[in-house]
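K.L.:
Sequence:
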Amino acid sequence: MKKIFKKIHLWLSVPFGLIISIICLTGATLVFEKELTRAGNPHLYTVEYKEGSKPLKPSEIIARISQQTGDTLKISSLQVAGNPKEAWMVSFTNAGQRQLSVNPYSGEINGWVEGNSFFQTVRKLHRWLLDAPAQKGASSTGKTIVGITTLLMVVILISGIVLWWPRTRKSLQNRLKVSCTKGPFRFWYDSHVSLGFYVTIFLLVMALTGLTWSFRWYRTGFYALFGAPTEQPKQSAPAHEDNNKIEKKNEPERLNYLAWDAALAELQNRYETYGTIQLSKNSAQVIQSGKQKGDTASFDIHTGNITEIKVYNIDEQPMSNKMKGLIYSLHTGQWGGMLTRIIYFLSAFIGGILPLTGYYLWIKRINRKHRRNV
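Residue numbers (the numbering used here): 42 to 415.
Calculated directly from the structure, the hints in this document are not laboratory data. Careful: at least some of the hints might be erroneous.
[Said to hold, decoys possible] Only pairs whose alpha carbons sit at most 25 Å apart, straight line, appear in this in silico DMTMM-like list of lysine to aspartate or glutamate: (1) K115 - E357; (2) K95 - D356; (3) K91 - E149; (4) K98 - E357; (5) K363 - E149; (6) K95 - E74; (7) K75 - D172; (8) K126 - D341; (9) K95 - D172; (10) K48 - E313; (11) K332 - E101.
[Stated by the list, open to error] Using C-beta positions, here's what the derived DEER-type ranges look like: (12) A306 - I202: 27 to 37 Å; (13) E74 - G224: 38 to 48 Å; (14) E307 - T134: 50 to 60 Å; (15) L299 - R257: 18 to 28 Å; (16) Q176 - I242: 46 to 56 Å; (17) D112 - K165: 11 to 21 Å; (18) T261 - G224: 24 to 34 Å; (19) T134 - T261: 31 to 41 Å; (20) G377 - K95: 30 to 40 Å; (21) G331 - K44: 27 to 37 Å; (22) V55 - N215: 38 to 48 Å.
None of these values were measured; they are calculated from a predicted model. Ideal Cβ positions, reconstructed from N, Cα and C, are used throughout, including at glycine.
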């Protein structure tokens, strides 16, 4: 039986090993994308703060931005940071996904925050081998290759477990350490087997969750396994959103920033701590630090008085939304905070090295056989 698994492990690894290395190494790079992006452009994310300093009101911030940018950009939202050392972010209806970083104490513009081109390329390489689909959800050659490779990676990892699973306590000790004193071949052999033994479970989790983005049939089956539909239920728009559409037809698109002042002040009184408060036309999202979702507050567009607060409750979310969040968390290592992200980074990095050490061992063995036959 082991001979069969050995052949499976080898003859799948040889043609797909390099692609596995690319997927794993790019995945490791993306684990700390946010931190590396901030470290590379600290002036866009942090501001100088003096004890006791108070930020300007949203209406004052907007007025100073308008003086510096003119009327060509239409403001859609303002993201207020709970950390006094963090910059505030302004979004526009006609600026794509770019945001303008602003000093909340002076109203000075720090610069544009936009997607880092390096990480954008790494992400395209990780998901599609640079062959991005024409539209979201569509297929492409690169996406298919990544999906097939990830599927075969699962088979390779399982066959590796079967091949090197320890049967005795002594063999277990050998699996858990790397010998550095018995020559280069033994070192690379131990590195391949022992390091693979440590990270296989994490690589399997990454691969099995990552496949949900590659194949619709797999995603459907994966969701069905947990009793969740793949399609999100259609939800009727809240009444205030319908009112917004009517107002947009009857009124010029001009936001009442004085209402933002009142709404922000009331929300800051209600929430002692928060990560960000994002103000838009007549609603605001209050998100705690480290969270992706938060409470939604509606306020009067003229006075800024809070009319309703919808508290975010994960238990009330559709099962498909819960599954989507769970899969993303498991795939990226965010489920356990910084510790699991570090573990995922190391696992993905080692996962990218394993095929390379495997190639080395395979070539060495071929050379040895060739010398014996000569």
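K.L.:
All the hints need checking, so say for each whether the structure fits it.
P.N.:
Here's how the hints hold up against the structure:
1. K115 - E357: Not OK: K115 and E357 at ~35 Å, beyond 25 Å, violated.
2. K95 - D356: violated (37 Å)
3. K91 - E149: holds (16 Å)
4. K98 - E357: Distance of about 34 Å is beyond 25 Å: violated.
5. K363 - E149: violated (40 Å)
6. K95 - E74: Answer violated: K95 to E74 is near 31 Å, above 25 Å.
7. K75 - D172: holds (24 Å)
8. K126 - D341: violated (30 Å)
9. K95 - D172: violated (48 Å)
10. K48 - E313: Measuring from Cα to Cα gives roughly 61 Å; hence the hint is violated.
11. K332 - E101: violated (28 Å)
12. A306 - I202: 27 to 37 Å: violated (58 Å)
13. E74 - G224: 38 to 48 Å: holds (39 Å)
14. E307 - T134: 50 to 60 Å: violated (25 Å)
15. L299 - R257: 18 to 28 Å: Hint violated: Cβ distance 48 Å, outside 18 to 28 Å.
16. Q176 - I242: 46 to 56 Å: violated (35 Å)
17. D112 - K165: 11 to 21 Å: Check failed, 36 Å falls outside 11 to 21 Å.
18. T261 - G224: 24 to 34 Å: Because 50 Å falls outside the window, the suggested range is violated.
19. T134 - T261: 31 to 41 Å: holds (36 Å)
20. G377 - K95: 30 to 40 Å: holds (37 Å)
21. G331 - K44: 27 to 37 Å: Violated, since G331 and K44 (Cβ atoms, about 49 Å apart) do not stay within the stated range.
22. V55 - N215: 38 to 48 Å: violated (25 Å)
Of the numbered hints given earlier, the model fails hints 1, 2, 4, 5, 6, 8, 9, 10, 11, 12, 14, 15, 16, 17, 18, 21 and 22; all others are met.
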